Amino acid sequence: MHRSLTISPDPIDESALVAARRMTSGMGAAVYFSGVVRGSEDAQPISAIEYECFRPMAEHQFHQLFDELERRWPVESVRLVHRIGVVQVNEQSLWVEVVAPHRGEAFVACQWLIDEMKRVVPIWKKPQP
Amino acid sequence: MHRSLTISPDPIDESALVAARRMTSGMGAAVYFSGVVRGSEDAQPISAIEYECFRPMAEHQFHQLFDELERRWPVESVRLVHRIGVVQVNEQSLWVEVVAPHRGEAFVACQWLIDEMKRVVPIWKKPQP
Amino acid sequence: MTIRIQFWSYFKELAGCAQASEELPAGATIGDLLQRLHARFPKLVTMQNSTLIAVGVEYQNRDHVLKDGDEVSLFPPVQGG
Amino acid sequence: MTIRIQFWSYFKELAGCAQASEELPAGATIGDLLQRLHARFPKLVTMQNSTLIAVGVEYQNRDHVLKDGDEVSLFPPVQGG
Chain A
1 MHRSLTISPD
11 PIDESALVAA
21 RRMTSGMGAA
31 VYFSGVVRGS
41 EDAQPISAIE
51 YECFRPMAEH
61 QFHQLFDELE
71 RRWPVESVRL
81 VHRIGVVQVN
91 EQSLWVEVVA
101 PHRGEAFVAC
111 QWLIDEMKRV
121 VPIWKKPQP
Chain B
130 MHRSLTISPD
140 PIDESALVAA
150 RRMTSGMGAA
160 VYFSGVVRGS
170 EDAQPISAIE
180 YECFRPMAEH
190 QFHQLFDELE
200 RRWPVESVRL
210 VHRIGVVQVN
220 EQSLWVEVVA
230 PHRGEAFVAC
240 QWLIDEMKRV
250 VPIWKKPQP
Chain C
259 MTIRIQFWSY
269 FKELAGCAQA
279 SEELPAGATI
289 GDLLQRLHAR
299 FPKLVTMQNS
309 TLIAVGVEYQ
319 NRDHVLKDGD
329 EVSLFPPVQG
339 G
Chain D
340 MTIRIQFWSY
350 FKELAGCAQA
360 SEELPAGATI
370 GDLLQRLHAR
380 FPKLVTMQNS
390 TLIAVGVEYQ
400 NRDHVLKDGD
410 EVSLFPPVQG
420 G
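Residue numbers (the numbering used here), protein chains in the order written: chain A, 1 to 129; chain B, 130 to 258; chain C, 259 to 339; chain D, 340 to 420.
Everything labelled a hint here was simulated from the structure, so no lab data went into it.
Keep in mind the model is a prediction, meaning the values are calculated, not measured.
Heads up, some of the hints might be wrong.
So, partial list: chain A residues that the calculated Cβ filter (under 7 Å) puts toward chain B [said to hold, decoys possible]: (1) Glu14; (2) Ala30; (3) Val31; (4) Arg38; (5) Phe107.
Beta carbons: idealized from backbone N, C-alpha and C, even for Gly.
Based on the sequences and whatever the hints tell you, model everything.
This is the structure:
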């Protein structure tokens, strides 16, 4: 399974990520998710979210999740970008792509990865007023 | 709800579609699906799939699905592109994007739309050897 | 009344044509139309349990009553995506 | 043995610092370490039921036995995405 992980303060360049996708001829489905900072958090308006990351552990935990994902589903490629530092409202904080033979497994693997990330990967949000 | 439907023999320009996305500040999630023609169909190698479409009915059925999707989930935008005519292996035949406040509803609405499309929208595949 | 029929996907091959028309008495249903078509295009009979039927752009059942000038489409299960 | 402690997210505010260290007897567990830290940083006590604990880059439970030089991280529930 191809895997690509980027944890970076740089803005997420989604068009470049999409253009860089490679799929072999057995693959029929790419599911991708773009998470964007919303204008409110717990009903309070915010201007941005600052993401803090314990990076060595985050990378380790992401790769453990990729290992488990590979065991569970016939995924050819997973790419994940998490932006850290200050991310303004309307900017992307997360981009995830899963490539698999069929859409069912691509959807479930992509959702599973995001759910598990929110459970174990040491990244925290601090809303900015 | 913003809705955009394209049924066309032209190749799908995914980067342009992604670049054209608009989200208001209440939206936190965009889920995309890209469907690609695989190199085999029913275990036989193929070179392409020809998609036939009963277009007026397909458009009508898609818009009925968009109406239902809007009733069911707080989706801000849905965009769907279905290529018709001959689509070569490794080329995209379908692209769907759903924008919603949260990822759960974006994922479920996107999957529902594709499942329903495969049930009611009059498009047929003819594999090319 | 005159009903126009359109075949889609491999129903065109089974019928040997893409279009047909039938003259039916007023009050005829899709079921009545299908009886005529199955007699005229016997290869369609094998598909009768998976035949989808639309009048114009809406799906309809076999008990739907037709009107003069209706365009009826017959096709196998759809396969978009 | 010397254990280094790293606080993350608002645990830094609760502790009033980002790092600390503790001297513990050989064989001490994470539970022993937490007792010391709760005495030293009482604001952390309120969070004890939702405190996540890692040694190095792996999650560990309270009965995990520490080694000299371990780096222990304490943090609230994670919130990526």
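For each hint, the structure was consulted:
Taken as an interface hint, Glu14 (chain A) checks out: its beta carbon lies about 5 Å from the nearest beta carbon of chain B, inside 7 Å. Interface hint status for Ala30 (chain A): upheld, as the beta-carbon distance to the closest one in chain B is roughly 4 Å, under 7 Å. About 5 Å separates the beta-carbon of Val31 (chain A) from the nearest beta-carbon of chain B, less than 7 Å, and the hint is met. Taken as an interface hint, Arg38 (chain A) checks out: its beta carbon lies about 4 Å from the nearest beta carbon of chain B, inside 7 Å.
For Phe107 (chain A), the shortest C-beta to C-beta distance to chain B is roughly 5 Å, which falls under 7 Å, so the interface hint holds.
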